[in-house]
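Asker: The chain contents come next:
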Amino acid sequence: MTPVTAPAPATETQPTRDATTAPQPIQKVAIIVSKGTLDMAYPGLVLANAARMTGIEATLFFTFWGLDVVRKDRIDNLHVATVGNPSMHIPTMLGGLPGMEGLATKMMRKEMDRLDIPPVRELMEILDAAGAEIYGCQMAMDMNHLERDDLIDEVDDVISAMDFYDKAAGAQVIFI
Amino acid sequence: MTVRTLAGHEVEVNDEGFLTDSSEWSPDVAEALAAEEGLAPLSERHWTVLSYCREDAAEKGEAPGLRRISKNSGVGMKELYKLFPDGPGKLAAKVAGLPKPKACI
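Taken in order, these protein sequences are the chains called A and B.
Residue numbers for the first sequence, in our numbering: 1 to 176.
Residue numbers for the second sequence, in our numbering: 177 to 281.
Since the hints were made in silico from the structure, they are not lab data.
Careful, some of the hints might be misleading.
Said to hold, decoys possible - Below, computed lysine-lysine pairings styled on BS3-like, alpha-carbon distance capped at 25 Å:
id, chain 1, residue 1, chain 2, residue 2
1, A, Lys110, B, Lys258
2, A, Lys72, A, Lys35
3, B, Lys236, B, Lys278
4, B, Lys278, B, Lys254
5, A, Lys106, A, Lys35
6, A, Lys35, B, Lys236
7, A, Lys35, B, Lys276
8, A, Lys110, B, Lys247
9, A, Lys167, A, Lys106
10, A, Lys110, A, Lys167
11, B, Lys276, B, Lys236
12, B, Lys258, B, Lys278
13, B, Lys236, A, Lys110
14, B, Lys278, A, Lys110
15, A, Lys72, B, Lys278
16, B, Lys247, B, Lys276
17, B, Lys247, B, Lys236
18, B, Lys278, B, Lys247
19, A, Lys167, B, Lys247
20, A, Lys167, B, Lys254
21, A, Lys167, A, Lys28
22, A, Lys72, A, Lys106
23, A, Lys28, B, Lys236
24, B, Lys247, B, Lys258
As the list claims (entries may be wrong) - What follows is a set of in silico ranges between Cβ atoms, one per label pair, in the way DEER data are often shown:
id, chain 1, residue 1, chain 2, residue 2, range
25, A, Lys110, B, Ala216, 23 to 31 Å
26, B, Lys247, A, Asp153, 17 to 25 Å
27, B, Glu188, A, Gln24, 22 to 30 Å
28, A, Val46, B, Lys236, 36 to 44 Å
29, A, Pro91, B, Lys258, 25 to 33 Å
30, A, Asp73, B, Glu200, 30 to 38 Å
Note that this is a predicted model, so its numbers are computed, not measured.
Even glycine gets a Cβ: it sits at the ideal position worked out from N, Cα and C.
Please build the complete structure, drawing on both the sequences and the hints.
Answerer: Spelled out as structure tokens, the structure:
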């Protein structure tokens, strides 16, 4: 048998950071919000807002269930997922019991309020005032038989995934 | 920490350029910091924001987040972004001689 030799270890070392190789600050983020639960809506919105607060451009793309976050009829009624959410630290079967989702949602809203974090609708207004670009996904719209009027006014446009990549030029893309 | 001279005053700043001791701040220092951020000369509306930030920080012990400023200072969110286009959350605190705010909103 021919002995298998391990490949020689890479001799390259981490480049040292000097003026020429120092990491460049982030100038733009493009955040894809693909989930419509309360606990998955906030991270994208808060990250986008923090970006704007520190002078980073922010683009938000709401697709699939994420579209719920900008739907007029759903934005005020987003729920926390209690089933299939290991971070709930309750058995999945209990999470499915009637009333559990409502309870978890109520608890989360209360905590958000305590920390002075605004409801999703207000956060979308803040993002709009902050100059974040807000887009809905055309395919998700078609899938749900929605019209532009079904979305909150803060949405700038309904665009395709290809359009999203154009809008995201030069951005760090974050998928949530 | 670095000690630097701004408008003739010696102040200590951290590596992001925020004053480490807000009592070393003065309106002259604010103008000098604003000039570095391309915001000089500061307008009356800038001063409304800066005064609110300093008063609130003196009371709460930390720099206010942007939502707090927009709700209580009399300067709304859109205007805050006009006054501090490169990031009002960071720049209002910096020019006001306060630490970087911890709030994300």
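Asker: Taking only the CA atoms, is the gap from Lys247(B) to Lys276(B) under or equal to 25 Å?
Answerer: 19 Å, holds
Asker: Lys167(A) and Lys28(A) were given as a pair; does the straight-line alpha-carbon distance stay at or below 25 Å?
Answerer: 11 Å, holds
Asker: Just to be careful, I want the Cα atoms of Lys110(A) and Lys258(B) compared with a cutoff of 25 Å; is the pair within it?
Answerer: 33 Å, violated
Asker: Hinted pair, alpha-carbon criterion (25 Å max): Lys247(B), Lys258(B). Please report holds or violated.
Answerer: 16 Å, holds
Asker: Checking one constraint from the list: CA of Lys72(A) to CA of Lys278(B), max 25 Å. Satisfied?
Answerer: Measuring from Cα to Cα gives roughly 31 Å; hence the hint is violated.
Asker: Is the distance from the Cβ of Asp73(A) to the Cβ of Glu200(B) consistent with 30 to 38 Å?
Answerer: 53 Å, violated
Asker: Between Lys167(A) and Lys247(B), is the straight-line Cα distance small enough, at 25 Å or below?
Answerer: Answer violated: Lys167(A) to Lys247(B) is near 31 Å, above 25 Å.
Asker: If you draw a straight line from the CA of Lys110(A) to the CA of Lys247(B), is it 25 Å or shorter?
Answerer: Within the cut-off at roughly 20 Å; holds.
Asker: May I ask you to test the hint 36 to 44 Å on the CB atoms belonging to Val46(A) and Lys236(B)?
Answerer: 21 Å, violated
Asker: Is the distance from the Cβ of Pro91(A) to the Cβ of Lys258(B) consistent with 25 to 33 Å?
Answerer: 51 Å, violated
Asker: Within 25 Å, alpha carbon to alpha carbon, are Lys278(B) and Lys247(B)?
Answerer: Holds, at about 17 Å.
Asker: Assess, step by step, whether the Cα of Lys106(A) is no farther than 25 Å from the Cα of Lys35(A), and give holds or violated.
Answerer: Holds, because 19 Å separates the two Cα atoms, which is no more than 25 Å.
In terms of the numbered hints stated before, the structure departs from hints 1, 6, 7, 9, 10, 15, 19, 23, 25, 28, 29 and 30, listed from lowest to highest.
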